[in-house]
Amino acid sequence: RKEVEQDPGPFNVPEGATVAFNCTYSNSASQSFFWYRQDCRKEPKLLMSVYSSGNEDGRFTAQLNRASQYISLLIRDSKLSDSATYLCVVTGSSNTGKLIFGQGTTLQVKP
Amino acid sequence: DTAVSQTPKYLVTQMGNDKSIKCEQNLGHDTMYWYKQDSKKFLKIMFSYNNKELIINETVPNRFSPKSPDKAHLNLHINSLELGDSAVYFCASSQDPGLNTEAFFGQGTRLTVV
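Those protein sequences? They're chains A and B, same order as listed. So for the first sequence, the working numbering puts the first residue at 26; every next one is plus one. So for the second sequence, the working numbering puts the first residue at 13; every next one is plus one.
Simulated from the structure, these hints should not be mistaken for laboratory data. The structure presented is a predicted model; accordingly, all values stated were derived computationally and were not measured. Treat the hints with care, since some could be wrong.
[Claimed, not checked] DSSO-like mimics (lysine-lysine), calculated; alpha carbons at most 30 Å apart, straight line:
| id | chain 1 | residue 1 | chain 2 | residue 2 |
| --- | --- | --- | --- | --- |
| 1 | B | 79 | B | 52 |
| 2 | A | 104 | B | 52 |
| 3 | B | 64 | A | 123 |
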């Protein structure tokens with residue numbers, strides 16, 4: 026079983042749509058959670074951290090369910106510029122900074 | 013004014029050769045990493061250094077040897093390159109290896125072994 030699992034997609038949505046991505050992780054001792062964004066042939070960049078209480082950054086909302094080991098990302102009012110691969114990321118149980126990446130979910134927003 | 017820079021950006025080489033990838037960060041971070049992204053797009057950690065000390069060494073063939081001359085630099089040397097080494101290699105850095113610390117990535121080195 027992969028440590029972090031995501032549906033690779035692709036998700037093809039029209040501009041203005043709301044889209045949700047989900048992710049599950051296997052290590053219940055994981056302590057920190059993130060969504061990174063990776064554009065085609067570019068490096069990953071942090072989109073947002075994910076907190077237990079849920080958090081929002083503009084059109085983006087992230088949720089964490091520790092009991093189910095489940096993380097989600099909701100994007101409202103999709104823009105063409107949101108087209109990218111969204112990587113679900115968790116840290117290991119030890120304090121080493123190791124990031125464990127999911128395969129990524131590809132989003133294509135169409136006009 | 014690049015934060016994490018790695019060179020070269022592209023590297024095409026023959027099997028059996030030895031090559032190096034260099035990485036530098038100007039963020040004043042204490043921790044640096046090497047990640048590998050394979051053809052299926054999975055990013056996996058290879059090595060991590062904190063203040064020039066190796067703290068993570070995943071199951072990586074010993075043909076791969078990282079070197080950190082100072083905390084702003086982490087180079088990756090690969091001996092006897094194999095076809096399966098073809099991938100994108102990303103260097104990254106973070107302030108410390110603690111929790112919730114953002115990692116900043118270099119632009120990647122696309123290695124093709126022929």
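Taking the hints in turn, this is what the structure says about them:
A C-alpha spacing of about 27 Å is found between residue 79 of chain B and residue 52 of chain B, which places the hinted pair at or below 30 Å, so the restraint holds. Distance check on the hinted pair: residue 104 of chain A and residue 52 of chain B sit about 26 Å apart at the alpha-carbon level, within 30 Å; holds. Of the pairs offered as hints, the one joining residue 64 of chain B and residue 123 of chain A holds, with about 16 Å between alpha carbons and a cut-off of 30 Å not exceeded.
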